[in-house]
Amino acid sequence: MKHTIIGLLFVSLFFTSCTEKPVEESGLPEILLKKSKDILPISSFIKKLDYLELKVHEAGMELGDITYIKELNGDLIVLQRRAREISFIRFSKKGDFLNTVVSNKEGTGKIKVPLDIISYKNDFAVLADDGIYIVGKDGEYKSRLIATEMPGTKFFESNNRFFVVNDVPDYGLYTVYTSNGEVKNMSFPEARLKDLGRSNLAMSGAANIVMVSSYSDTVFAYQKTAFKPEYLIESDGYPSFAETWRNKETKDDMETLKYMHNNQHSKIKSYFENKNYIFLTYWLGSYQTTALIKKRGWETTYFTEAVNNIDGGIWDNPTFLSPNNELYIPITAYKVGGHKISDKRHKEFEKVQLHIAATGNPVLMRCQLK
Numbered sequence: 010m011k012h013t014i015i016g017l018l019f020v021s022l023f024f025t026s027c028t029e030k031p032v033e034e035s036g037l038p039e040i041l042l043k044k045s046k047d048i049l050p051i052s053s054f055i056k057k058l059d060y061l062e063l064k065v066h067e068a069g070m071e072l073g074d075i076t077y078i079k080e081l082n083g084d085l086i087v088l089q090r091r092a093r094e095i096s097f098i099r100f101s102k103k104g105d106f107l108n109t110v111v112s113n114k115e116g117t118g119k120i121k122v123p124l125d126i127i128s129y130k131n132d133f134a135v136l137a138d139d140g141i142y143i144v145g146k147d148g149e150y151k152s153r154l155i156a157t158e159m160p161g162t163k164f165f166e167s168n169n170r171f172f173v174v175n176d177v178p179d180y181g182l183y184t185v186y187t188s189n190g191e192v193k194n195m196s197f198p199e200a201r202l203k204d205l206g207r208s209n210l211a212m213s214g215a216a217n218i219v220m221v222s223s224y225s226d227t228v229f230a231y232q233k234t235a236f237k238p239e240y241l242i243e244s245d246g247y248p249s250f251a252e253t254w255r256n257k258e259t260k261d262d263m264e265t266l267k268y269m270h271n272n273q274h275s276k277i278k279s280y281f282e283n284k285n286y287i288f289l290t291y292w293l294g295s296y297q298t299t300a301l302i303k304k305r306g307w308e309t310t311y312f313t314e315a316v317n318n319i320d321g322g323i324w325d326n327p328t329f330l331s332p333n334n335e336l337y338i339p340i341t342a343y344k345v346g347g348h349k350i351s352d353k354r355h356k357e358f359e360k361v362q363l364h365i366a367a368t369g370n371p372v373l374m375r376c377q378l379k
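Counting in my numbering, the sequence shown runs from 10 upward without gaps.
Hints listed in this document are in silico derivations from the structure and should not be mistaken for laboratory results. Each hint should be verified, as a subset may be incorrect.
Stated by the list, open to error - Mimicking EDC-like on lysine to aspartate or glutamate, the simulated pairs with C-alpha atoms at most 20 Å apart in a straight line are:
hint, residue 1, residue 2
1, Lys64, Glu80
2, Lys121, Asp179
3, Lys103, Asp139
4, Lys56, Glu308
5, Lys203, Glu239
6, Lys43, Glu359
7, Lys260, Asp204
8, Lys203, Asp132
9, Lys203, Glu149
10, Lys278, Glu239
11, Lys43, Glu252
12, Lys146, Asp204
13, Lys121, Asp138
14, Lys349, Glu314
15, Lys103, Asp138
16, Lys267, Asp179
17, Lys121, Glu80
18, Lys57, Glu359
19, Lys151, Asp179
20, Lys151, Asp139
21, Lys57, Glu357
As the list claims (entries may be wrong) - What follows is a list of derived Cβ distance ranges for each label pair:
hint, residue 1, residue 2, range
22, Asn333, Thr234, 36 to 44 Å
23, Asn131, Gln273, 42 to 50 Å
24, Gln273, Asn326, 40 to 48 Å
25, Ala230, Leu363, 30 to 38 Å
Glycine is no exception: its CB is placed at the ideal position from the N, C-alpha and C atoms.
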């Protein structure tokens with residue numbers, strides 16, 4: 010009971026004044042979302058690539074689908090889902106297994122629904138659907154720092170405040186939790202409405218934190234104490250998700266769901282940014298396009314599909330853009346083994362196939378941007 014009371018006293022919730030609409034006549038750069046039917050060789054925007062093998066077979070483990078990658082304290086952290094297991098696993102930069110940091114299935118720090126992980130003091134802080142937890146680097150559970158239902162799936166810490174980027178409408182774009190105050194209960198919209206909109210943090214080092222939300226037409230950058238408008242998002246021929254949401258005339262959950270599905274709009278699917286590049290994939294109606302923006306000169310490359318003409322291997326969905334301008338693409342052993350090299354001029358990928366077939370290990374494809 011004592012620990013429960015202490016946990017409750019740790020929460021303080023503040024709604025921010027971040028606008029959900031574009032800043033009119035701001036002079037900010039614009040990210041233009043437009044259709045492309047181009048099929049590009051990756052050599053047009055990738056200068057070299059290699060493969061990092063995640064050595065889980067040697068550790069007596071298996072990995073499921075890798076849905077998330079980030080760098081923390083010089084190590085790689087992957088979020089993997091296998092059957093009903095969700096876990097954050099730590100690897101060295103050479104792909105050696107270090108430990109399972111947190112899992113919903115095993116270990117002393119079982120957390121039912123882990124969502125995101127960050128470095129915090131000498132430990133890790135883990136965002137879950139029911140609060141924020143502290144876990145040691147060795148995977149040892151330490152405490153539940155904040156106990157409340159969370160409105161989002163990504164977060165970061167600054168000046169001992171936790172910023173949770175909201176996935177749900179009507180709560181602003183982010184929520185701040187601090188170490189004093191009282192608990193405020195949050196009510197959520199109907200679950201299917203929550204899944205309609207998603208928010209994203211593009212983090213590339215402590216000094217580069219960018220927020221993108223379905224409920225806003227503006228990209229925000231975090232500067233010392235708050236988010237400031239950084240870019241405007243414009244869609245070619247389609248209203249944005251945010252604009253469509255604002256124009257709905259009903260508050261009924263089922264009618265809102267029908268309205269959003271029946272009115273075509275633009276929506277960002279994934280967004281990555283570092284100091285040199287922006288890489289994003291988005292929908293215009295039912296049409297998917299990828300855009301790569303060089304921030305110096307704002308040169309933009311659009312394509313609907315990319316073909317690996319460098320070594321005849323796979324091109325798949327990137328999940329991380331490193332500070333060193335590397336796109337990380339997780340590839341399962343199944344995909345590696347099942348890939349047929351269509352460009353017979355390149356057979357370098359065959360070496361990867363033979364090795365992975367023997368171990369069953371997944372690989373991270375690292376693509377250095379030009």
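Violations among the numbered hints: Violated hints (numbers, rising): 2, 3, 5, 6, 8, 9, 12, 15, 17, 19, 22, 24 and 25; every other hint is consistent with the structure.
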